[in-house]
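**Q** Protein sequence lines, in the order shown, are assigned to chains A and B. Each position in the first sequence, counted from 1, maps to that position plus 293 in the working numbering. Each position in the second sequence, counted from 1, maps to that position plus 293 in the working numbering.
The hints are simulated quantities; they were obtained by calculation from the structure and are not laboratory data. Treat each hint with caution, since some may be false.
Here are the computed distance ranges between Cβ atoms for each label pair [as the list claims (entries may be wrong)]:
(1) A:Glu524 x B:Asp340: 53 to 61 Å
(2) B:Asp319 x A:Val337: 37 to 45 Å
(3) A:Ala328 x B:Gly481: 37 to 45 Å
(4) B:Gly373 x A:Pro566: 35 to 43 Å
(5) B:Asp446 x A:Val337: 24 to 32 Å
All C-beta atoms, glycine included, are put in the ideal place defined by N, C-alpha and C.
Below are the chains, spelled out letter by letter.
Protein chains: 2
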Amino acid sequence: MSDVSTDLQVVAIGNALVDVIARADDPLAERLIAAHGLERGAAVMVDLERVEAVYADLPPAQEISGGSAANTVAGLASFGARTGFIARVRDDQLGKVFTHDLRSLGVHFEVPPATDGPATGRCLIVVTPDAQRTQCTYLGASSHLGPEAVDPDLVARAQVTYLEGYLWDQPDAKDAIRRATSVARAAGRRVAFTLSDPFCVDRHRTEFRQIVENDADVVFANELEICSLYEVDEFDDALDRVRRHCEIAALTRSELGSVVVGPDGIVEVPAAPVEQVVDTTGAGDQYAAGFLYGLTEGHDLETCGRLASLAAAEVISHLGARPEVSLAELARDMVA
Amino acid sequence: MSDVSTDLQVVAIGNALVDVIARADDPLAERLIAAHGLERGAAVMVDLERVEAVYADLPPAQEISGGSAANTVAGLASFGARTGFIARVRDDQLGKVFTHDLRSLGVHFEVPPATDGPATGRCLIVVTPDAQRTQCTYLGASSHLGPEAVDPDLVARAQVTYLEGYLWDQPDAKDAIRRATSVARAAGRRVAFTLSDPFCVDRHRTEFRQIVENDADVVFANELEICSLYEVDEFDDALDRVRRHCEIAALTRSELGSVVVGPDGIVEVPAAPVEQVVDTTGAGDQYAAGFLYGLTEGHDLETCGRLASLAAAEVISHLGARPEVSLAELARDMVA
């Protein structure tokens with residue numbers, strides 16, 4: 294199948310979520326987090342009853358399409374990349390919002406919406422004055438992403454198939470992931486994988502290690518996630534482990550920048566400057582977008598890392614997890 | 294009925310709309326406006342088919358609860374005022390979003406959602422780099438606001454009943470308005486009215502003059518609207534006309550500030566400083582919020598005008614038509 298043309302740069306598989314973002318000052322945020330058993334700074338999965346209970350106590354919010362891998366695809370589209378997305382929404386208002394916001398960027402997203410079952414998934418996000426976000430996700434229709442949603446032709450057309458770790462929270466998605474990775478490998482394409490969240494790594498450590506060892510050519514993780522994956526305390530130990538298995542690992546360290554490990558060694562990339570950090574939601578998603586854009590445009594790993602840092606810096610300077618300006622324009626000087 | 298206590302400061306009647314806000318640079322915005330026959334800088338009313346056609350061409354958007362009078366009530370709540378709201382949503386996802394965003398501010402909003410008929414109304418807003426917004430409104434469930442939605446006890450409990458001019462675009466709302474104004478007048482309460490939009494004044498000039506002459510104690514308008522109401526070219530001529538009928542008229546002139554006409558003469562109020570104007574949506578709504586807050590707290594007209602300018606300045610400094618910070622805190626020094 295390796296003669297199929299790769300007219301797409303990245304196809305991503307992930308959860309289809311609409312973010313419901315509310316700002317809360319500290320006393321209110323503390324009360325909300327304590328009352329509903331959330332984890333400050335982390336993402337917890339909840340059922341419908343619990344997401345509605347949290348929502349009832351949430352301050353006024355705004356709705357912005359989200360979902361980790363979907364944010365990455367939106368970032369890629371903002372760079373000008375040709376992309377596709379695989380996820381499940383329902384045929385409801387939030388499903389239409391999610392679909393609109395991807396398609397209007399030119400992303401190929403044609404998985405039919407579910408016509409029954411749970412509503413489109415959503416992620417309630419409380420942003421505190423320190424720019425941290427505490428999340429509570431109701432997967433909804435996303436939890437019914439089966440292998441039938443994976444169009445093998447679409448996967449074979451893309452240079453990279455990108456998987457988010459959050460997918461492992463839904464048992465039904467495993468067959469979809471298997472189908473996508475086997476099509477990608479058979480077509481000679483790369484598979485990229487993000488560990489998503491340290492708590493997510495805790496929940497699925499064994500399976501995540503298998504993916505990293507057997508399937509992923511490119512791995513994205515932050516320091517906590519990669520240390521959790523290997524259950525080590527030192528970042529350098531985790532780095533030594535991951536480079537044995539993967540062609541490329543891009544490891545982020547917040548304001549310390551990132552470390553990119555490739556076949557020819559290690560590149561350290563500084564974080565891009567940010568005037569004011571407003572909301573860290575989406576930093577990792579946009580880092581992956583910049584990196585994969587660089588990679589599929591044939592740039593060296595240092596340029597990939599710098600594009601990644603640039604996209605991450607843009608997204609943390611405002612509320613919401615997708616770029617508000619054209620990343621293609623922001624990056625013009627870097628890739629000229 | 295004047296012995297009923299006024300435990301509420303303002304009850305507003307308006308359209309229940311969720312704003313769908315997209316930024317567009319000029320070539321794209323021009324194409325969109327031309328292709329769909331919108332009016333740059335103004336609000337047009339469209340049917341379901343047309344709002345869906347515009348949405349299909351809209352860039353990625355964010356959803357934030359809106360509606361002119363609802364924005365005013367949200368601003369009043371942010372000042373700490375006790376408020377109620379009367380409008381109609383449907384029992385759908387956007388209806389829940391709209392309801393949540395008011396109730397979470399402490400606004401009394403208990404009109405039952407429609408269980409059939411059109412979906413919750415929405416307003417597509419294109420914000421151009423000059424911070425102007427071009428709007429296209431689908432009233433949806435809002436167009437079925439009948440007199441049964443008006444709880445006479447609620448109206449009688451409020452010092453001020455506030456009506457938005459946009460209500461006149463829906464024939465069904467007229468009985469609701471009549472019921473509310475007659476209850477308010479019988480209870481000895483004030484009626485406040487905003488002309489909403491110059492095109493709206495064009496559509497309903499005769500009825501708007503009747504409201505101003507017979508029902509409204511307080512009138513809000515910008516320069517274009519008040520000149521259109523009286524079909525005069527000079528602001529001073531319009532001002533002379535409106536003061537014959539109304540106890541108070543608050544007339545806004547964008548960066549020139551506002552002119553408040555009261556029983557004791559005219560007060561000129563400067564605009565509050567704004568670092569960067571991002572989106573002018575909601576400037577008039579928040580001006581009315583600040584003014585009505587001051588009025589119902591017993592402040593003089595100059596203080597009312599300054600509170601109004603403060604709230605307007607906050608809202609135009611960011612995307613969306615409702616305050617992002619506590620107006621009570623912003624105003625602390627002014628009303629101490």
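**Q** So, for every hint listed, does it hold in this structure?
**A** Okay, the hints, checked on the actual structure:
no. : hint                            : result
1   : A:Glu524 x B:Asp340: 53 to 61 Å : 60 Å, holds
2   : B:Asp319 x A:Val337: 37 to 45 Å : 43 Å, holds
3   : A:Ala328 x B:Gly481: 37 to 45 Å : 42 Å, holds
4   : B:Gly373 x A:Pro566: 35 to 43 Å : 38 Å, holds
5   : B:Asp446 x A:Val337: 24 to 32 Å : 42 Å, violated
Violated hint for the displayed structure: number 5, the only one.
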